[in-house]
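Single-letter residue listing:
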Amino acid sequence: MRLRALALMAMLTAACAASALAAPDPDKVLHSSFNAPETGYDPAKTSDVYSHGVMENIFEPLLTYDYVARPAKLIPLIATSMPEISADRLTYTFHIQKGIYFADDPVFKGKKRELTAADVVYGLKRLADPATGSPSNYLVLGHFVGVDELAEKAKNGKFDYDAPCEGIKALDRYTLQLKLKTLYPALLYVLAMPHTSPVSREVMEAYGQNSLAHPVGTGPYILKEWKPGVKTTLVYNPNFRHVVFDFHPTPGDKAGEEVAREMNGKTMPQIGRIEVQIFTEEQPMWLAFKSGQLDELYSIPQPLLRGVLNMDPKNPRRAALKAEYRKAGLKISRVLDPEMTYWDFNMQDPVLGGFSKEKIALRRAIAMSFDTDQTIRDIRRNNAVRMLYTIPEGVVGHNPNFRYQYEYNRALSNALLDQFGYKIGPDGYRTTPDGKPISIDFVSDASAVGRQWNEYWQEALDSIHLRVTFRPVTFNDLLKAMRSCTYGMVGAAWIADYPDGENFVMLNYSKNIGAENTACYDSPRYDKLYLESQKLQDSPERNHLYDEMNKVMMEDTPWLPGETRFRNRMMQPRVLGDEVHPIFQVSWRFMDIQK
Amino acid sequence: MTSTVQAAPAMTGTPEVHRGFWALGWRRLKRDKVAMISLVVVGAFLALAVAGWFNIIGDGWRKEVAIPYAAPSWLMQSAEETLPPAEEDTTSAKSSAPIVTMTQAEDPIGKEVALARQNMGKYASVETPLRETLPFGADLRGRDVIVKTIKGTSTSVFVGIFGALFTLLLGTVLGAISGYFGGKVDDFLNWFYSVFTSVPDMLLLLSFAAVAGRGIKTIIIVMALTSWTGTYRLVRAEYLKLKNREFVQAASAIGASDARRIFVHILPNISHLLLVQFSLLTVSLIKYEAILSFLGFGVGVTQVSLGSMLAEAPAELVQGVWWQMVAVTIAMSLLVTAFSLLIDGLRDAFDPKANK
Amino acid sequence: MFAYIVRRVLQMIPTLFGVMLLVFVLFNVFGGDPSLVLAGKHLTAESLANIRAQLGLDKSQSAQFLIFVKQVLTLDFGTSWSTQQPVSDIIGSRIGPSLLLTGSMLVVDLLIAIPLAATVAYFRRGLTDRIVTICCTIAMSVSALVYIIAGQYWLAYKFGWFPVSGWSASAWHNLWYYVPLPMLMGLMVSLGPDIRFYRSFFIEELGNDYVRTARAKGLSERVVMLKHVLRNALIPVVTTVMMSLPYLLIGALVLETFFSIPGMGNAVVLAVNNSDFPIIKAITVYIALATMVFNLLADLIYKLIDPRVQLT
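Protein chains in written order, with UniProt numbering: chain Z, 1 to 595; chain B, 1 to 356; chain W, 1 to 312.
Mixed in with the good hints there might be a few duds.
[Stated by the list, open to error] Chain W side only, calculated, beta carbon under 7 Å to chain B, not exhaustive:
1) Pro14
2) Leu22
3) Thr137
4) Ile138
5) Ala139
6) Val146
7) Val272
8) Thr291
9) Val293
[Unchecked claim] In silico lysine-lysine, DSSO-like type, Cα no more than 30 Å apart, as pairs:
10) B:Lys243 <-> W:Lys303
11) Z:Lys227 <-> W:Lys227
12) Z:Lys227 <-> Z:Lys290
13) Z:Lys158 <-> W:Lys217
14) Z:Lys423 <-> B:Lys111
15) Z:Lys357 <-> B:Lys122
16) Z:Lys423 <-> B:Lys63
17) W:Lys158 <-> Z:Lys231
18) Z:Lys480 <-> B:Lys217
19) B:Lys111 <-> Z:Lys314
20) W:Lys59 <-> Z:Lys480
21) B:Lys122 <-> Z:Lys423
22) Z:Lys436 <-> B:Lys217
[As the list claims (entries may be wrong)] If you want the ones that stay clear, here's a sample from chain Z, every Cβ over 12 Å from chain W, calculated:
23) Pro71
24) Tyr101
25) Glu258
If you are wondering where the hints come from, they were derived from the structure by calculation, not from laboratory data. All residues carry an ideal CB built from backbone N, CA and C; glycine is no exception.
The shape of chain Z in the complex, shown without the other chains (with noise of 0.2 Å):
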């Protein structure tokens, strides 16, 4: 009964381990590319968007998401079901599938290792070990009742992995109950990101420092080869349980509809092996991927869009394969990312920071100034459309009909500055109302994108007759800057780890000032209205919230907002099933490939 609700809702039927294991033809063969090197393979230990990619396919958490629905919507992964929760929400039980077995390793002397409840909980004990030093740590120190005591004591010794822990705990071989000390709307979310995955406690020791580069998961893939930079290749894992695909689309999605009649009925894994090259130059990648010698391209580099798409100019939602790549049978998935760009002022900055009216003013003059349609159109050629909430769309707790936007007028800009006595020097430029000099301290990353952005914004703070000096600098020190708040203005973009609005409002909560809140805006107002909104689950008062939220951030400009990127991900005609998800980075595991 329970197997066949699962199969009316999930997009896999698990069927019984013990069938026959139909494994894929090792001579499907799929070549896709990356923007950017990828830091390594270890859960715990990375969380750039490309290893996360490849991680997908090797690990596997407790939840995932349904690979066709729209918007996207968690289903069980290697749970059974999805968790029975108690009353307050604060207790959460989880049952593992039987017969789920690790990848094969030379640690496991040759036998099968069956995934139990246990390796789930080292999987999110050894998040919050400092001897991890985990990026994702986050994720649960100050949630789970006990563990950050763990954390604590782990501090000047070492993490003790077999001490009683009250809020992380495996009941029986099978069974996993997490306790949490506080409300935590996002857990299921987390529970689904490839960080939380169960690893094996005996890998991990066993390979200590080097776990990068000896992933072991049960996932459809494992790794059989690393060049950091350069190359990692997948190969299917022949310990994978057998998963038929059985995708049911919301009637009407085309692209949906598509992927389920090409790959239903087929096992995962499909491809037999993946090799992933990393390009950083646009012209050999896009080179590489027209001569067919990549099946994939992970996203469109931007200054080939206008070459390759036809663009509605008027709403870049409209796009289509130019007539030449259509006749070639090339295909496209093009989607919205969950994410969003925005100007950071720095709100502790001598210059453009505080709340005093005349420096509202100064920064709401420089965010008139600038032409955000003109750098969608220009620089993200049309392919981009304005972010207008401080929740992007396909976000939770997104609202269509709030307009977080300041008109373009430079005329009223200037206007606006004499009003509040900025006058213009004998030089030319402003300066503050009691006659000092001002010059705005702009960080930059030191590509030539940044330089292309320094540009038009060179132009709009010379049209109100601001000074600027732009100081270019690697991406370490761009991050320092905006952590440190040591800086006057910074483009910063922002990236959904999980599909819910409380990833983007914690943005702007003064404790993550240091961290996530790289304006360094500190407003007790917004402050308590956060607060409240962490309470409370997806609902209209919580979207009541938000919307004062994103009023009391307008009022105080600490943001000009930019916008959300589309991504658009290229595919030779011999792939099939390939779609991009809102929230997976890839979808190897789910596709097919012609031979």
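Mind docking chains B and W on chain Z? Use the hints.
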């Protein structure tokens, strides 16, 4: 002391001979047609550089005069493919909910914005229409490629010449001191030299640039710090050879100071070598700048150089926009070829041995 | 001879120390802080401190330098900060592709440049000489970037004569399939200056008195050119080549980037961008050692070919 030395008749000998040497060289150079043509071309480029530097020409390169990537006027244009007209959009039916945003009352500076709105008339601007094509096309921002190339060439020549000057200065001073004094000083500077030659240039370059930030100043410093070693070796060898010659001995006999001997007596004798070295450095630094810009250490936003233009080329070429790359390549090739041929001429003219 | 070698080897110690000091100051003191990137996007002061402690960045500068000295003495540079792979593994896997590319490029370059340089030097001031010299000058005037960008676009993509980019596990396959195009682009850049450079050696030799004497003795031009001139002119060629060998190790950065060759150039840029200090330290020290050793070898070979040379 100095004045007496200048008056000493023994001292006038060397510079005199030297002047003759330069005159002879010039006469030889004038007979070399290729070198003379190159000299004219290089001269023209230098004039362009100076004019560009003082904003006499190329000043308006930042003006957006055309549509993005406007094609060269003489190019046959094929019609742009367009999307079929939008169908009735049924999927994202606009919800009837009212638009929510910050109201003027909620805005802490709402009143002031309203006041300012009344006074914004004096900042009204006129839009100039953008051209569809340009004589040699436009870049992404619709800037004229010809004007941009002129300004870029000016910057590149400037960077090349000043980079070469600083490199030469650093190499010559260190080389002269090392060769002239010998002993401990020489040992120390030689150590310094071998350290710099043992570290790969690319590492020096990446790390210096990371420390020093961006801009023309950084480029010149990076160039000087990574290229001085060749000049150092050359100058040191010359000083080792020349310091024991009679005219230097004579100068020391009448009490000329070390500094005077180094710079007044020995230096003019290697000036022709330095001239060739300088030209060589200029050429290689102009090309070096292109690589630096490509790696992201180029000039600032308000400046343009041949390198920063070339850095835009890969992204443009895949879109079929080749004009900026071609313009830069022509300008750079012409300049570098002329410069190189001139150097050959100078070598032939001033190095009698090779002149056989 | 032995005493000379010992003295030269001893001289390497202070140089190596200087190199270490320079690299340390540039990267450790002024360089970026790698912990910020490693800490990911949700960072806390605590996780940052934790990572810094793991990398040893919380130790004093002098203590960190002492660790560096120890690493150089044992030639064990530990593991990379960003990928946590042993540095020796990374360098070991990167050096092959770089050497394959730059080494084959050097061989082809010499095979073309030396005969051509000898020929044009022999006919110096003639039409051939003029044409070759001017062609070289023009070829040299085009930026390496233009060759690569345009070459990849037309030769590989438009005409399909070469693969656009890539690299395989087999060295032979790489050599005949992936290497030719980047090698061709590299040769376009290097042949011009090399031909001109070697030509000047030949011209210098041809101008020597012994050539005139040999001709006067009635020796055939062939014998004069091959036995005397070629042999003597090759001395400076051999030493220049010897001294350029260490640079082969570091590969050709731009070529590697455009043609997706997993070589050292790429590794260096990646390491600098990530402030991956162990990799930077290792590469610098190895290259510095190679430079010094090859310089010594060049001097010794010089002595071997030409016994007149005094080693000082």
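Hint check results:
Using the Cβ-Cβ criterion of 7 Å, the hint placing W:Pro14 at the interface with chain B is satisfied: the shortest such distance is roughly 6 Å. Hint status for W:Leu22: holds, given a least beta-carbon distance of 6 Å to chain B, under 7 Å. Annotation: W:Thr137 was flagged as interfacial toward chain B, and the flag holds, the nearest CB pair being 5 Å apart, inside 7 Å. Residue-level restraint check for W:Ile138 holds (minimum Cβ-Cβ distance to chain B is 5 Å; threshold 7 Å).
The restraint placing W:Ala139 at the interface with chain B is violated, with a minimum CB-CB distance near 10 Å, outside the 7 Å limit. Restraint check, W:Val146 versus chain B: the minimum CB separation of about 5 Å is within 7 Å; hint holds. A least Cβ separation of about 4 Å between W:Val272 and chain B falls short of the 7 Å threshold, and the interface hint therefore holds. Interface restraint check for W:Thr291: the shortest CB-CB distance to chain B comes to about 5 Å, inside 7 Å, so the restraint holds.
With its C-beta approaching chain B no nearer than about 11 Å, W:Val293 sits outside the 7 Å limit, and its interface hint is violated. A distance of roughly 27 Å separates the Cα atoms of B:Lys243 and W:Lys303; the hinted pair therefore holds under the 30 Å criterion. Proposed proximity of Z:Lys227 and W:Lys227 is contradicted: the alpha carbons are some 49 Å apart, above 30 Å. For the proposed pair Z:Lys227 and Z:Lys290, the alpha carbon gap of about 24 Å is at most 30 Å, so the pair holds.
Simply put, Z:Lys158 and W:Lys217 have alpha-carbon atoms about 87 Å apart, too far for the 30 Å limit, and the pair is violated. For the hint linking Z:Lys423 to B:Lys111, the alpha-carbon distance of about 20 Å falls within 30 Å, and the restraint holds. For the hint pairing Z:Lys357 with B:Lys122, the CA-to-CA distance comes to about 23 Å; that is within 30 Å, so the pair holds. About 26 Å separates the Cα atoms of Z:Lys423 and B:Lys63, which keeps this hinted pair within 30 Å; it holds.
With a C-alpha separation of about 26 Å, the suggested pairing of W:Lys158 with Z:Lys231 holds against the 30 Å cut-off. For the suggested pair Z:Lys480 and B:Lys217, the alpha carbons sit about 24 Å apart, so the restraint of at most 30 Å is met. A threshold of 30 Å between alpha carbons decides the hint, and for B:Lys111 with Z:Lys314 the separation of about 33 Å lies outside it, so the pair is violated. Only pairs whose Cα atoms come within 30 Å are accepted, and W:Lys59 paired with Z:Lys480 is accepted, the gap being roughly 20 Å.
A hinted pair counts as satisfied when its Cα atoms are at most 30 Å apart, and B:Lys122 with Z:Lys423 qualifies at roughly 15 Å. Distance check on the hinted pair: Z:Lys436 and B:Lys217 sit about 27 Å apart at the alpha-carbon level, within 30 Å; holds. Under the 12 Å C-beta cut-off, the non-interface status given to Z:Pro71 relative to chain W holds; the minimum distance is some 23 Å. With a cut of 12 Å on Cβ distances, Z:Tyr101 stays outside the contact zone with chain W, its closest approach being about 27 Å.
No Cβ of chain W approaches the Cβ of Z:Glu258 within 12 Å, the least distance being about 29 Å, so the stated non-interface status holds.
Of the numbered hints stated above, those contradicted by the structure are hints 5, 9, 11, 13 and 19, listed in ascending order.
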